[in-house]
Amino acid sequence: MLTAIPSLLGNSSLLPSRLQMAVTLAFHITFAAVGIGLPLLMVISERLYLRTGKVHYRSLAQKWSKATAVLFAIGAVSGTALSFELGLLWPRYMQITGAAVGHLFGLEGFAFFLEAIFLGLYIYGWDRLPPKGHFWCGVAIAFFGALSGWLVLGVNAWMQLPVGVQLDSAGNVTSVNPFAIFRTYAWFTMALHSTLACYIAVSFAVAAVYAAGYLKGRRDDYHRFAIRIAMTVGTVVALLQPISGDLIAKFVYRTQPAKFAAMEAHFETSRYAPAFIGGIPDVDSGTVRFAIPLPGVLSFLATGDPSSEIKGLNDIDRSLWPNVALVHVSFQIMVGLGVVLMILGIWFALATWRAGAGALDSQRLLRAIVLCGPAGFIALQAGWIVTECGRQPWVINGILKTAEGVTPYPHVWPVFIGFSALFVVLSITTIGLLRYLARSPVGSGKQE
Amino acid sequence: MSDQTIVSLAALVALAGLMAYAVFGGADFGGGVWSLFATGPRKELQRRAVAEAMGPVWEVNHVWLIFVIVVLFTCFPRGFGALVTGLFVPLHLVLVGIILRGAAFVFRGYGPSPAASENARASGHYARWGTIFGIASVISPLLLGAAFGALTAGEIRVDPAGRVRSASPVPWLHVYPISCGLLALSTCAYLAAVFLVVETTGQLQEDFRRRAIFAGTATASLALFTLVAARMEAKWFFDQLTAPMVWPVIAAGMIAFAGSAVAVFARWNYAARWFAGAQTVLMLLGWGMAHRQYLIYPDIPLAAAAGPRETIVFLLISLVPGATLLIPALWLLFRTFKSPSARTMHS
Ligand code: HDD
Ligand code: HEM
Ligand code: HEM
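Going down the list, the sequences are from chains B and P. Heads up: the first sequence begins at 1 in our numbering, then just goes up one per residue. Heads up: the second sequence begins at 1001 in our numbering, then just goes up one per residue.
No wet-lab data here; the hints were simulated from the structure. Beta carbons are placed, not taken as given, at the ideal position from N, Cα and C, and that holds for glycine. Where hints are given, some of them may not hold.
[Unchecked claim] Simulated pairs of lysine-lysine, BS3-like, Cα-Cα distance not exceeding 27 Å:
1) B/Lys132 / P/Lys1338
2) P/Lys1338 / B/Lys63
3) B/Lys132 / B/Lys216
4) P/Lys1338 / P/Lys1043
[Stated by the list, open to error] Examples of chain B residues toward chain P, derived with CB under 8 Å:
5) Phe110
6) Arg367
7) Ala368
Just chain B, with the same shape it has in the complex (with noise of 0.2 Å):
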């Protein structure tokens, strides 16, 4: 994160911003996710209910519900903290980005509307709306949702690549195409990718707890079910994302060099490039320490042939590198991280083929899928890490660099420090009532 040290320490403000911005979109991605994935899982479960009338179903949709609920008002406190954030510690970034692709931010604002109405509706309305209607509503939440985060990417794909705008010398927009971005490949691949990645995120944590309670004993209908929705969607989903990984590592390839270099820590540029698995990149002497290079890969993937030249870091001016070592090790834990959740989605999907609902007796993949837990949740912050500070030394590529993009304002530690205790308590509350949550029994699902 600290890649531009020597301009840090020329404005005060740099620092702690970027810092701000750090930890208020790592604590709003976590919630965001959950917004994303967890109304998938419940619509499903309702689904099934409707269909076969096991009450089982009924509860787990009317649990996740309440768990959505609490999840989302702290997902919506936190947009609107970056709303406001990036407004406040980035003044002349939202100048340019208002103009360029505001209005992205304002079809995401419709989304957020409806995504929140039938929220309403859905969690107040368990007893108010005919059984069909209700089951609507609930797809509505994951449709808008699902809607909202990939609106909000059309503006991160903006910022990688930044199309339809014209600046004149003193970095005023002056003309501005606002279809350009509609047009981009860049859009639909990282919101796919993302998306993805909040089901995957979602569906083995959740999976995890009710793994967890069939360990312990709790071995019912009730916990099985849940298992089994959650390591389904999982598991697909999972089996996807490499896909959609692909397909956003050959833009990187094509549109930023260094961040790609950096993510494969690839210092000379070579034909059959190597990609490495693990390693520790010495950015002094250019080498990846600990690594076991796959020759020729690099170059496959990021062209698709595996003589292909791909530029290294060497060939790049030094002041445009970003933090080399740390988006080379966070790319590697998401793709080992997603490998790893396949591996174990494959293994569910053996174990369920071969033995049925007794699969869940083996002690083995129920650990597992408890260990994997929070997997997801980690590759999702490691490749936002990939994607922004990759980025570095631009906030808008090409554009803007992130040091021109900053606040005037001189006190910005304490705002940094203040917000991020308030996460520290909001984090520590809201486990404690998901738990509280998760041990209350299910009532007839109506909000005191």
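Assemble chain P with the ligands onto chain B, guided by the hints.
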């Protein structure tokens, strides 16, 4: 359409969002205020009435604020940065208030309640987050109102190079901004009380009716006081308010306010709800008309703050399909939880 018209339309859209936030979001903040100041034998029932009224709708009402911010930074990007930089401190405090208000509301609502389990930790959790919910509901409108006051008073100055400074060290700590903050707070409390009268019955209804009368009196006095303070500290704005185009709107707002007061006394509860909403909308319309030339008085006129035409046009056009989806959905939500039939069904 001329650029001028488009910029005015964008400003109008932002103002409309602000009105919706003031009426709906404002009432939710007011609910928090009455939750904090719940008194008497029906203390807990009052709090529960507030929680039930807010539960299904507060998140939706909150999105209006996001909407306003998005319209501002999309349509007025050249002024937005200066605006928020000039109000860095109060806006951060408002933000803390907004975060804590929302979080505390769900923490209290979904956590262990003293009624369900008798242990001390449960009631500790409930009381603690209840208090935080109330205090945050007081702070947010107060400071947002004060930030507005500082803006209208011309406290935020921007030099030609774009550097922002304030006209005085703590621009929002003057008589006029503070009275704006108090006015915002009491308006929220008034709206909430009037709305809660509709949503309750019996003794509880009487409690909120008394609160409506109290908050209404406070709002009327603070409004007058704020006018006097504007005359002292924001002369240009006072002159605009009393200009030929604007004062009839303010007068209409006052009439609506009087109407709501009469309706509260006469127990025409639904009429009171409409009048109180109309009062808020008209007052903000008056504010907007008085302020129509500027994003930041006196250095950033609206036109100078506006961004490229194409983005604004896109945003304005997207309002049509957006509203087409939004209005029926909002109608469904409010009909399900706020209509007279929903109330009788519930009780
Ligand atoms: C559950 C989480 C998760 C998993 C298992 C994966 N990813 Fe990922 N990845 C993300 C979650 C994520 C993300 C949501 O955090 C990012 C950040 C930005 C984005 O659009 O998605 C991301 C970004 C991201 C980027 C950088 C995009 C950029 O900088 O613009 C690449 C190249 C990949 N991913 C590739 C992969 C590959 C090849 C995977 C193979 C298994 C993979 N990801 C699994
Ligand atoms: C939600 C998932 C996201 C996470 C976890 C995340 C993470 C981060 C991190 C770690 C930084 C600090 C980078 C550094 O300074 O080295 C950062 C900066 C930033 N991000 Fe993101 N980001 C996310 C999504 C987004 C999106 C969708 C946007 C745009 C709308 C965005 C806009 C920014 C901006 C403006 C900065 C500050 C400037 C900079 O440091 O480049 N981020 N983010
Ligand atoms: C990849 C990154 C992001 C994703 C996937 C995402 C997704 C979501 C989702 C699903 C919600 C609904 C609330 C919830 O489920 O908890 C939400 C709320 C919100 N997000 Fe994000 N978001 C991202 C980044 C951002 C950024 C950078 C901003 C800043 C402008 C932002 C602003 C908001 C706001 C204002 C809300 C509150 C809406 C409400 O009140 O309902 N989000 N986000």
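Structure-based check of all given hints:
1. B/Lys132 / P/Lys1338: Answer holds: B/Lys132 to P/Lys1338 is near 22 Å, not above 27 Å.
2. P/Lys1338 / B/Lys63: Measuring from Cα to Cα gives roughly 25 Å; hence the hint holds.
3. B/Lys132 / B/Lys216: Given pair B/Lys132, B/Lys216 is violated - Cα atoms ~35 Å apart, limit 27 Å.
4. P/Lys1338 / P/Lys1043: 23 Å, holds
5. Phe110: At 4 Å from the nearest chain P Cβ, B/Phe110 passes the 8 Å test, so the hint holds.
6. Arg367: 30 Å, violated
7. Ala368: B/Ala368 check fails; min Cβ-Cβ to chain P is 31 Å, beyond 8 Å.
Of the numbered hints stated above, those contradicted by the structure are hints 3, 6, 7, listed in ascending order.
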